[in-house]
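Novice: Here the structure of chain V is known, so what remains is to put chain E with the ligand in place on it, guided by the hints.
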Amino acid sequence: MSSSRLNALFERCRSEDRSAVIGYLTAGDPNPELSRELLLTLAAQCDLLEIGMPFSDPMADGPVIQAASERALAAGTHIDDVFALTRDVRAAHPELGIVLMGYANVPYAMGFEQFAERAQAAGVDGVLLVDIPPEEGAICDAVLRAHQLDRILLLSPTSPDARIALAGEHGSGFIYYVSLTGITGADMGDIAEIHDKVAHIQAATEMPVCVGFGIKTAAQAAEVARFADGVVVGSHFVTTVAMADDPVAALQEAAADIATAVHQARGGDAG
Amino acid sequence: MPSQPVDFANDLKADFNADFAAQYDLEIKHAPDAGGHFGQFGGRFAAETLMQPLQEIEDAFFAAWADPAFHAERLDLLKNYVGRQTPLYHAKHLSAEAGGAQIYLKREDLNHTGAHKVNNTIGQALLARRMGKRKVIAETGAGQHGVATATVAAMFNMECAIYMGREDIRRQAPNVFRMKLLGAEVIPVDSGTATLKDAVNEALRVWVANCEDTYYIFGTAAGPHPFPLMVRQFHTVIGQEARAQCLAQAGRLPDVAVACVGGGSNAIGLLHPFYDDRDVRLVAVEAGGHGLKSGAHAASLAVGKPGILHGSLSYLLEDAEGQVQGTHSISAGLDYPGVGPELAAMLEAGRLQLDAATDDEALAALQLLTRCEGIIPALESSHAIAAGLRMAAEMTPDQIVLINLSGRGDKDMGTVFELLGDQIDGSVQDGGAA
Ligand SMILES: Cc1ncc(COP(=O)(O)O)c(C=O)c1O
Chain V
1 MSSSRLNALF ERCRSEDRSA VIGYLTAGDP NPELSRELLL TLAAQCDLLE
51 IGMPFSDPMA DGPVIQAASE RALAAGTHID DVFALTRDVR AAHPELGIVL
101 MGYANVPYAM GFEQFAERAQ AAGVDGVLLV DIPPEEGAIC DAVLRAHQLD
151 RILLLSPTSP DARIALAGEH GSGFIYYVSL TGITGADMGD IAEIHDKVAH
201 IQAATEMPVC VGFGIKTAAQ AAEVARFADG VVVGSHFVTT VAMADDPVAA
251 LQEAAADIAT AVHQARGGDA G
Chain E
1001 MPSQPVDFAN DLKADFNADF AAQYDLEIKH APDAGGHFGQ FGGRFAAETL
1051 MQPLQEIEDA FFAAWADPAF HAERLDLLKN YVGRQTPLYH AKHLSAEAGG
1101 AQIYLKREDL NHTGAHKVNN TIGQALLARR MGKRKVIAET GAGQHGVATA
1151 TVAAMFNMEC AIYMGREDIR RQAPNVFRMK LLGAEVIPVD SGTATLKDAV
1201 NEALRVWVAN CEDTYYIFGT AAGPHPFPLM VRQFHTVIGQ EARAQCLAQA
1251 GRLPDVAVAC VGGGSNAIGL LHPFYDDRDV RLVAVEAGGH GLKSGAHAAS
1301 LAVGKPGILH GSLSYLLEDA EGQVQGTHSI SAGLDYPGVG PELAAMLEAG
1351 RLQLDAATDD EALAALQLLT RCEGIIPALE SSHAIAAGLR MAAEMTPDQI
1401 VLINLSGRGD KDMGTVFELL GDQIDGSVQD GGAA
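Chains V and E are the protein sequences, given in the same order.
Here my numbering is used: position 187 in the first sequence is 187, and no number is missing along the way.
Here my numbering is used: position 15 in the second sequence is 1015, and no number is missing along the way.
With the rest of the complex left out, here is chain E:
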């Protein structure tokens, strides 16, 4: 029951949202089966106690998605609160550096809160309100999903608790403070590896005990059905916009679309609207850490095998006995041993190609983009930049590489300073910084 019914028709007549709303295709394409399976992947591998709450979310989601009033409010917020649509930027200097194809950046970093994550939290918070839930909880790795959740909770006046691994709290201190400032409680998670997967475990445990009045805003296109489908639907604004913008600016579709993959939300959001454009190569870039052979990475699709974690069957980094392995990435948001089931299905169907960028390559890409375009990308997004640059270098100037710039790098300044501070301070001579 929506607390403030919105008259879609009047709303659209009344203001400037009509053209904006018209650009989005609301049809659900390539849907999973009724149980949430994408081919052999996905499903709802959840404890009994969660089965009914998940069914309620599924029912509420499909009802909302069919309701024009839901989209009127969602799209109004995406436009006037988040700042969509985000630009598609032809990065000419970066293209020149690559020396091959033209590189276009989808500027999700310019969204309110600084990453794509808010597309999803707006949608799910509206759903939570329709379902009459007063509290929201979420897991977070890099803190971007936590910030995006805390932000919408503040706006919708909902209580908010964010679960975050102790190790990530250390790595992403600025985001922790932002969440607290926004009124959320940030709860450290010490179990297991004290990173994103453990934060998910803890949020699930808390949700089981509180599902009566609490909604779990899952942060990526993984987890039990309906999350992979729902999170995808909320993020396809990225790819739908990018597709139209690319046609408008370049007169053609890109040759390659590239996104980094943690759980898969920014990747599925960018790539899915190109699913049926068979000439567009779709590339998912995983965290290569210290290298895929080092064992210290988070490349679930490239190195993992099918397994069951956090409610769905998908590729998983695990040992021979099914124990989930610790992962490593320079970026907290990619430091996750699983991956969304739809990407797994697309890989299996031959519709997705894989790539990986190491910590060092991501860090170098971050510096390059910063220096030549004046854009500081998130470390997560820097993986996509690194791989996109490599691909562009092999291509011709009439070709197009579309890269999802999923977030901005402000949150990573601590990490980057630790790694590069000396080097950069040293080069500034008497530049002022201590």
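Only chain V is shown next, with the shape it has when bound in the complex:
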């Protein structure tokens, strides 16, 4: 029962025998104006965009995305800006999958009802809240469902079969497989282990399984794209933007690199 847009995009990718290209940026980094341009630039290269909601205490993020959150908040990014940016991306890209990603306290403070209503109105397809595991879903699941928002759940190398089943039961849209036991921006785990675990999860659930955390190069993206239903790149794009003199051009190039690698990954000896 996943959103029609997410369904359609994963089906499209399957029919093209390729993995979905998924990019992440923190909304409002480095400021809301430039962030709009960056999100639009990244969206043009992606099947699905994860838009990070800045939070004061991003516990599951490494230094790169922590800094992005701090910059966004320091630049005065409010939740209204996050929704406004999302709306602009949606207007420009009607087919794009859009997932809002962040921490529980931001929607909790607003109230999940209002949050879900506004997310739906802004054109969001799914919501990924890092610190709301299936066990705590009672505070948000029904409301998200009522607003046709998929509840994206994470699985990790430490998730045993019982938790894989739990994610299958409570999640929708796709499974986000965290490729390493660590935080965003760390080094990618062992590719063979990732492959085994992803295959195992794919066998256990109907949902597409996307892989993220630690994918920084086109070569890594291609490796993962051979077997995963989607490849998520985040810290790499955030770093690219933060280091560049011309952030939009740099992001354009980095995103095109990753997208090309993912598109060609199953086409023979691409790398």
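Among the clues, some could well be false.
Listed below are the simulated EDC-like cross-link pairs for lysine to aspartate or glutamate, each with C-alpha atoms no more than 20 Å apart in a straight line [stated by the list, open to error]:
| no. | chain 1 | residue 1 | chain 2 | residue 2 |
| --- | --- | --- | --- | --- |
| 1 | V | Lys197 | E | Asp1277 |
| 2 | V | Lys197 | V | Asp161 |
| 3 | E | Lys1305 | V | Glu113 |
Label pairs and their calculated CB-CB ranges [said to hold, decoys possible]:
| no. | chain 1 | residue 1 | chain 2 | residue 2 | range |
| --- | --- | --- | --- | --- | --- |
| 4 | V | Ala138 | E | Gly1350 | 21 to 27 Å |
| 5 | V | Met243 | E | Ile1187 | 23 to 29 Å |
| 6 | V | Met243 | E | Ile1424 | 48 to 54 Å |
| 7 | E | Gly1350 | V | Val248 | 53 to 59 Å |
| 8 | E | Ala1031 | V | Gln264 | 42 to 48 Å |
Treat the hints as calculated values from the structure; they're not laboratory data.
C-beta: ideal position from N, C-alpha, C; glycine also.
Specialist: Okay, now just chain E with the ligand, sitting in the frame of chain V:
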């Protein structure tokens, strides 16, 4: 798998620990639900990667708690290493100053390492060893939990890393040195506000990446399940002793029990054993900073609203959009925007009353207790003293105020000197100090 199995029965027959152990009630009372919820609060709001490690800690904790060998070793250490039980001291001079009720101080400051924190680190370090973990990490604010963790790590020969906000490292320099001397690595945290909440964030990040061989000794009765329950269980020795001591010394229970609240460990430890004594008022004293209306305080229960941080749902100081706010307190150990979920539930259930003491009131209480009883309290504990004094003043001489003196003030001498040095040096004339 305990590395040295202890035969509980033999141990008790063999030595003097039997009477000591018998004073503690090991029944888990007012337990949260299976998911760690105390009413609407608590739970396990953790990233997926931590869910299984937390489940393993929960399983290990319940198994250990049901194992007499675990308690034999824990209680032996509490007695012979920590120095429990701690005295209950009838502070007659302080009572006279208040001019009302009798004030009794539970002397957690006399524990080895100088605060209540070690009750918890002994328990969790034993658990870490049972789980086969070789490394421990912890966050610290005032440095007391860091010192208590570094201490047990030294004793159990475990590797130890302590995460501490840069601002707190500055405020609590003596404790930083103690941790290093004990062999721990002290890792400064610069993110966010560079205080306790950021140290927790960083310790969580490091733990996620290393949970295979590393145990996170959480320092207060907050965080994801099972920490609030487990930390409470390790600290209820405080209230259980105090309750029996008060009955023995005064022939009755206290009218009020008072403790300061950072995350809530010394408070829940003192107050929980009185939960069912409905005539005993239970009071939590928060850090009033520059005053509750100033915006510069750490009074999560009084001023905050329910929110989700560090793995549980509880009261939180945050802005209208859920961004966690910076806090202020003269004491690093109370400088935390959240609070343990069980205290939140007790407040909601009407079983807990709130009070707050400002920086100035805490500093004045520290001086008063020092001058009239010869006891220098920690700045954290001074908040409880300040509030307890106020309450005692309104009461009659046949009544009793029990205050948790959660730690000693040695670690705060730098801060106190900065604030009072001139004044005190000046009054000494040619007293020697430069
Ligand atoms: C002496 C002392 N009391 C109280 C506290 C506050 O912590 P809690 O609320 O967990 O007791 C601390 C924390 O560092 C402390 O060192």
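Novice: Which numbered hints turn out to be false for this structure?
Specialist: Failing hints, ascending: 1, 8.
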